[in-house]
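The listed protein sequences correspond, in order, to chains A and B.
Residues 145 to 357, numbered by my numbering, are exactly what the first sequence covers, in order.
Residues 25 to 383, numbered by my numbering, are exactly what the second sequence covers, in order.
Fair warning: there could be bad hints in the mix.
Each pair of labels, with its calculated beta carbon distance range [stated by the list, open to error]: (1) A:266 - B:29: 22 to 30 angstroms; (2) A:214 - B:253: 47 to 55 angstroms; (3) A:252 - B:367: 43 to 51 angstroms; (4) B:40 - A:355: 30 to 38 angstroms; (5) A:347 - B:367: 39 to 47 angstroms; (6) B:268 - A:318: 35 to 43 angstroms; (7) A:274 - B:253: 32 to 40 angstroms; (8) A:292 - B:320: 50 to 58 angstroms.
Here are a few chain A residues that face chain B, going by a calculated C-beta distance under 8 angstroms [unchecked claim]: (9) 199; (10) 201; (11) 204; (12) 209; (13) 210; (14) 213; (15) 220; (16) 228; (17) 234; (18) 287.
Quick look at which bits of chain B chain A covers, simulated, 3 or more residues with Cβ under 8 angstroms [said to hold, decoys possible]: (19) 125-134; (20) 252-264.
Source of the hints: derived by calculation from the structure; they are not laboratory data.
Since this is a predicted model, take the numbers as computed values, not measurements.
For every residue, glycine included, the Cβ atom is placed at its ideal position computed from N, Cα and C.
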Amino acid sequence: MKIIAKGLEHYYAHEHVLRGIDLNIEPGSFTAIVGESGSGKTTLLSILSTLLQPSSGEVLYDAKLLAQWGNIDLFRRRHIGFVFQFHYLISYLTLRENIALASLGEFQGEIDPLMERLGIDRLGRRYSDEVSGGERQRAAIARSLINHPSIVFADEPTGNLDTKNALGVYELFAEFSRQNTTFVVASHDKKITEFADTIIEMEDGIVKNIFTR
Amino acid sequence: MITPLKALRKNRFKTVLIFISMSVSICAIFLISAISGGVVGMFSSMLKTDGDIIVTQKGIADTFFSDINATLVKPISHMEGVKEVSALILGAAPVDALPIVGIYGVSEGRFKSYHLTHGHYPSRGEVLLGSKIDDTLKHPSSIILSKKTFHVSGVFKSRIGFEDGGVVMGLSDGGELFHKSASIILISLNDLSKSDSVKDQVQMLSADLEAKTTDSFIDSYNQFKIIKTSSDVIGAMAFLMGILGIVSMMSMVVNDRKGEFGIMRSIGLSSRVIILKLLSETLIVAVVAFFVAWGISEGVLELIEHADKFQGYINGEITTVLLIKVFMVSVVMALFGTFMPALYASRIDPMSLIQKDRA
C-alpha cells in the first residue's frame, strides 16, 4: 500500500507539533522515522496509522482518503498492523490465543508457521508473564502480521528491549518488508538506520532529511 | 466461552466483588418477594378455604377491625347457589408468654378444615393449637388468653403459617373474647355463576355489609397492597443497588483493562465485539450469582420458617414463576450494569496506548 501525506499539520492545544509534512511511503519499504524526543515522530506515525486525525492536511492510502475506505475498523483489520513500545498482549490469553484474537477466525492455519518464523513456536501455550521481553515483543509482532496487513506501524518497538533483542526485531522487520509488507517505525534508536531502506529524520515538527538506501 | 472465563479468572478479585454484589441483590429480591408473597399467599389460602365469597363490614381497612352479625349466616345459607356458610372471627392477643398470636374463632362447620394431629375439636372453653405454637409453648394442656384459661382440646397441622402458629376456638368463645359475633362470613358456592346474584342478595341484607369474591377481595385488600408495594419498592431498590454495584465494579475493570481494549480497537475489533465480550463476562457471573442466591435464599427461608421467634408467621416460598422472574431480573441487571462501562471500553482510543507508553 502506498501512503502519501500532504501538508500535515498538528497541534496539541497551542503546541504546534507538526509543521507541514509531505512524504511518500512506497509499498514494501522499511521506513524509519527518527529524531529526538519531541521532534514529532510519534505524532506523525499516529496520523499515518489512522490513530490520530491531523489538524490539517491529508493522508492518502493507495490514492484514497481514509473516509473513502469506509469502515475504519475493517480498514485497520484488513490493512494495518500495530506494534507498540509495550507489547499489550492480553495477559489472560496465551501467546497463541493473542495472535488468534487478531486473526478473528481467519488465517488460523497460518498462526503456527508465523510463530515458527518468529522463533516463538514453542511458547504458544505460555502466557505473556511467562516469557522474556523479547519473546513478548515477537508475539506482538506476530499479532500485527497475522492478518497479512499491507503496512505495519511500530512506535518505539524496541524501547523496552536489550540490544540483542532490538536487533532481532529490526531484522524481522527487514525480512518481512522484503516480502512486500511495508513497515513504518518511529524510533530514537540509531541502530534502526542500519536496517531501514528509507530514513525520515525529524526535528521540531518538520522533516529535516530523507535518506533512501 | 473460554475467553470470558479466562478474563474472569484473571480478574478474579473484581469478579468476586461483582459476584458478591449481584448475589446480595438477587438474594434480597428473592427474599423480599418470597416473604411478601408468602404472607399474602398464606392469608389468601386461609380465606379461600371454603370461601368463594367473603363478607365483611363495609369500608374496613383490615379484617381484624371488621364487625358483622354472625346471625346472617342463616339467611345467607338459604340463598340459591350457596353450598356452605361459615362465620369467622379474626383477632390477635397475647397467649401465655407470647406477646401476640393469631386467634381464630370459627363456626363449628369449619373445624373440619383443621387437620388434627391429636385430640378432638374444641367445645366451649377449649381451644385447638396449631402445631407450631404447640411446639413453642411446649405442648401445654391449657393456655391463658386475655386473662382467661382455655383447655387445649387438640393440635392441628396446617401448611398456612398464620394458622399453624395460631389458636382456633369456637365462634362463641371468640365472640366473648373480642366482643363481636363475627369478623367475616365465608360463603362457598355450588355454582360459581351465581356469585353476582349471591353478592347482591347479601348486600341487600344490610347496608353495612360488603360482599366480594375472595379473589377480588384479595386483589383490593389494602394490607396486601401495602405489603406488595413495599416488597416492590424494596425489590426495586435491591435491583438498582445491584446495577450500581456492577456499574462501579465494571468501570474499574474497564479502567484496569484499558490496554486490552485499546489493542483490540487497534487491531480492528469492532465496538460491538468488545461490548459483547464484556456483556458475556457479566452474564456468566449473573447466572452463577443467580443460582448461588437461590440456594442461599432457600436456606434463609427454611431458617426463618423454623425460627421460634417468628412463630411460623413468616413463610416464604420460591415458586417457579418467581424463579423465572428473578432470573430475568438478574440478566437485565447484568446487562444494564455492564452496558455503559462496555460502551466506554469499546470507545477507548488506541492512541491512549501510545500516550501511556510515553508516560
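A quick look at each hint next to the structure:
1. A:266 - B:29: 22 to 30 angstroms: holds (25 angstroms)
2. A:214 - B:253: 47 to 55 angstroms: holds (53 angstroms)
3. A:252 - B:367: 43 to 51 angstroms: Because 30 angstroms falls outside the window, the suggested range is violated.
4. B:40 - A:355: 30 to 38 angstroms: Because 56 angstroms falls outside the window, the suggested range is violated.
5. A:347 - B:367: 39 to 47 angstroms: Distance hint for residue 347 of chain A, residue 367 of chain B holds at roughly 41 angstroms.
6. B:268 - A:318: 35 to 43 angstroms: violated (54 angstroms)
7. A:274 - B:253: 32 to 40 angstroms: 57 angstroms Cβ-Cβ, so the 32 to 40 angstroms window is violated.
8. A:292 - B:320: 50 to 58 angstroms: Check passed, 52 angstroms falls within 50 to 58 angstroms.
9. 199: Violated, about 14 angstroms.
10. 201: Hint on residue 201 of chain A: violated, closest Cβ of chain B at ~18 angstroms, above 8 angstroms.
11. 204: Interface hint status for residue 204 of chain A: violated (20 angstroms vs cutoff 8 angstroms).
12. 209: violated (18 angstroms)
13. 210: It is violated, given that the least Cβ distance between residue 210 of chain A and chain B is near 13 angstroms, above 8 angstroms.
14. 213: violated (12 angstroms)
15. 220: holds (4 angstroms)
16. 228: holds (5 angstroms)
17. 234: holds (5 angstroms)
18. 287: Holds, about 7 angstroms.
19. 125-134: violated (count 0)
20. 252-264: violated (count 0)
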